[in-house]
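Please build the complex by placing chain D on the supplied structure of chain G, with the hints as guidance.
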Amino acid sequence: MTHAPSLASPKQTWGALTVKLLVLLVAALLLFAPFLFQDTRSIEVAARICVFIVLVASYDVLIGYTGIVSFAHTMFFGFGAYGAAIALRTMGPGWDAIALGASVGCVISIVVAAAIGLLSLRVKAIFFAMITLAAASVVMVLASQLSQITGGEDGITYKTPAVFKTAYKLLVDDHGKVVRWFGVKINGKLAAYYFVYASCFALFLVMLRLVGSPIGTVLKAIRENEARAEAIGYRVVAYRTFVFCFSAVVASLAGTIYAIWLKYTGPKTALSFTIMIDILLMVVIGGMGTMWGAVIGAVLLVLAQYYLRDLMGSAAEALVNVPLAPQVLAPDRWLFWLGIIFILLVYNFPKGIAGTLADKGASR
Amino acid sequence: MSLLSLNAIETAIGQYAVLHQVSLEVCEGGVFVLLGRNGAGKTTTLRSIMGLWRPSAGSVVFQGQDMRGLHTAEIARLGIAYVPESMGIFGGLTVEENLILATRNGRFDQERLKRIWQLFPALERFWSKQAWSLSGGQKQMLSVARAIIEPRKLILVDEPTKGLAPAIVDAMMEAFRDISQTTTILLVEQNFEFAKSLGRDMAVIEDGRVVHTGSMADFARDTALQNRLLSLSAS
Numbered sequence: 000m001t002h003a004p005s006l007a008s009p010k011q012t013w014g015a016l017t018v019k020l021l022v023l024l025v026a027a028l029l030l031f032a033p034f035l036f037q038d039t040r041s042i043e044v045a046a047r048i049c050v051f052i053v054l055v056a057s058y059d060v061l062i063g064y065t066g067i068v069s070f071a072h073t074m075f076f077g078f079g080a081y082g083a084a085i086a087l088r089t090m091g092p093g094w095d096a097i098a099l100g101a102s103v104g105c106v107i108s109i110v111v112a113a114a115i116g117l118l119s120l121r122v123k124a125i126f127f128a129m130i131t132l133a134a135a136s137v138v139m140v141l142a143s144q145l146s147q148i149t150g151g152e153d154g155i156t157y158k159t160p161a162v163f164k165t166a167y168k169l170l171v172d173d174h175g176k177v178v179r180w181f182g183v184k185i186n187g188k189l190a191a192y193y194f195v196y197a198s199c200f201a202l203f204l205v206m207l208r209l210v211g212s213p214i215g216t217v218l219k220a221i222r223e224n225e226a227r228a229e230a231i232g233y234r235v236v237a238y239r240t241f242v243f244c245f246s247a248v249v250a251s252l253a254g255t256i257y258a259i260w261l262k263y264t265g266p267k268t269a270l271s272f273t274i275m276i277d278i279l280l281m282v283v284i285g286g287m288g289t290m291w292g293a294v295i296g297a298v299l300l301v302l303a304q305y306y307l308r309d310l311m312g313s314a315a316e317a318l319v320n321v322p323l324a325p326q327v328l329a330p331d332r333w334l335f336w337l338g339i340i341f342i343l344l345v346y347n348f349p350k351g352i353a354g355t356l357a358d359k360g361a362s363r
Numbered sequence: 000m001s002l003l004s005l006n007a008i009e010t011a012i013g014q015y016a017v018l019h020q021v022s023l024e025v026c027e028g029g030v031f032v033l034l035g036r037n038g039a040g041k042t043t044t045l046r047s048i049m050g051l052w053r054p055s056a057g058s059v060v061f062q063g064q065d066m067r068g069l070h071t072a073e074i075a076r077l078g079i080a081y082v083p084e085s086m087g088i089f090g091g092l093t094v095e096e097n098l099i100l101a102t103r104n105g106r107f108d109q110e111r112l113k114r115i116w117q118l119f120p121a122l123e124r125f126w127s128k129q130a131w132s133l134s135g136g137q138k139q140m141l142s143v144a145r146a147i148i149e150p151r152k153l154i155l156v157d158e159p160t161k162g163l164a165p166a167i168v169d170a171m172m173e174a175f176r177d178i179s180q181t182t183t184i185l186l187v188e189q190n191f192e193f194a195k196s197l198g199r200d201m202a203v204i205e206d207g208r209v210v211h212t213g214s215m216a217d218f219a220r221d222t223a224l225q226n227r228l229l230s231l232s233a234s
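Which chain is which? The protein sequence lines are G and D, in order. The numbering of the first sequence is numbering that gives the first Met the number 0, which starts it at 0 and goes up by one. The numbering of the second sequence is numbering that gives the first Met the number 0, which starts it at 0 and goes up by one.
Next comes chain G alone, as it looks inside the complex (with noise of 0.2 Å):
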């Protein structure tokens, strides 16, 4: 007869308390953006950054969990964004072409992690990395080519359902105004909006529950040594082909969510490298192997493309009488400075700042 274990809790580190601590201030801000910060650009990020944390942690299930290192990440992504934006524009604005679109999505992530996983997860990293950026770089080629499908390099606009409009009152007084609650209007901007955040919580959700399961910890095994998993019971090629399909399908579902929120998507916004890139960083500067990381990274990246330039300015106009300050500090230069605050971040936190925080405080 088998039982679950009576254990003690293991103690948590103080470090690991902050970096708990901060992904829940994240949560609640996020939560509360729009009516935090009530100008159209803040939700945009804030939207941004939602999705981005989800597209993270999947690549961090994979990369961080798994120890799998894979190009087509944004891939996947692109399939539910396209997936979604094909079946918005040809069966129209509802939630039925929203579950095709997502469906279809999925199943080609899917076929397609399953048949890169089975065909080469047993050949070494270094390989397998370049058959994902092969198969990337194949997939950018197709959505390029097959304009009629995909809108080409303009992609595609659509419509969303009709709640996710601006226009739409989702919340009315007795004159048939919109309800406005601390100043913002209940309408189909903030219904999209919780559509985005409620949907990404959910999904990073699941995600914890994996990595916190018991296939969670075969994983971590499979990370540090493929050989002694194998040893103890593990088929690791299943289990490597099972995590690969599972983060391609929630790349697949943030890509949908995203191309909801959007009424857009080119091959810019959903299957750029610039995009897998993001990724990485965002994995590297938050913390590999902790899903709190992602959160970490992703509030951190997006801020930075989105305000840096802004910041810079304004410092650049603050010390327009130092010499070289403002030619150092120009907006122009902020992917310069992007890259300088990237590896000082790398060098004072080798193991991303959710990682190394969070052995800050633990004792041997």
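Errors might be hidden in some of the hints.
[As the list claims (entries may be wrong)] Covered stretches of chain G, going by a simulated chain D footprint (3 or more residues, C-beta under 8 Å):
{"#": "1", "segment": "219-226"}
{"#": "2", "segment": "229-237"}
[Said to hold, decoys possible] Listed next, the in silico PhoX-like pairs over lysine-lysine satisfying Cα-Cα at most 25 Å (straight line):
{"#": "3", "chain 1": "G", "residue 1": "Lys164", "chain 2": "G", "residue 2": "Lys262"}
{"#": "4", "chain 1": "D", "residue 1": "Lys128", "chain 2": "G", "residue 2": "Lys19"}
{"#": "5", "chain 1": "G", "residue 1": "Lys350", "chain 2": "D", "residue 2": "Lys128"}
{"#": "6", "chain 1": "G", "residue 1": "Lys359", "chain 2": "D", "residue 2": "Lys152"}
In case anyone wonders, no lab produced these hints; they're calculated from the structure. From the three backbone atoms N, C-alpha and C, an ideal C-beta is built for every residue, glycine too.
Coordinates of chain D only, in the frame set by chain G:
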């Protein structure tokens, strides 16, 4: 009754032939000790049984089942546990996680867990610690504990006393004595005193060939044979 039979297996690592026509019969119950000098092919024999290195000829039969073509994971699931020389623990996982990995359904049998804690009290003390932070002896205890957290039919153990302090070796001996009451152990060991006190049957392997098989009691009495095969003195 034979639990495991190696029938003229030949194993090569790369271009080097390591095992030549190795045949062994491991009977059910007790400890079977595989002795031999460094590089004789003892570890290769264990790895060939586990399918970590594939024999190019011959067969490995476990409980009447020919294991040729079986994947390592499938061999493990037949009820064979492997405690490698390098201990084979997962340093990045906690003691608890290391053990739970070896359970069949992700849950502990409390009776077995209590038995393990009695055999190796340090594991209970360091339950939530990451395995890399354990001492060498504790890592070896964890490795052995992982092999017995579920009922096994056969445990392959590769040099469990290597580099351990005498007090730990004594504890390990007691543990193996206890485990061998219920589980067959195929033990590779260079510490002859340790092997002698545990072994019921034995074989000596030299240059990838089995050069002697018999009972440990007979071998322990024959100092001339020990000198010839293992370069051991009577002491």
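Checked hints:
| no. | hint | in the structure |
| --- | --- | --- |
| 1 | 219-226 | holds (count 6) |
| 2 | 229-237 | holds (count 7) |
| 3 | G:Lys164 <-> G:Lys262 | holds (10 Å) |
| 4 | D:Lys128 <-> G:Lys19 | holds (20 Å) |
| 5 | G:Lys350 <-> D:Lys128 | holds (19 Å) |
| 6 | G:Lys359 <-> D:Lys152 | violated (43 Å) |
The structure does not agree with numbered hint 6 stated previously, though it agrees with all others.
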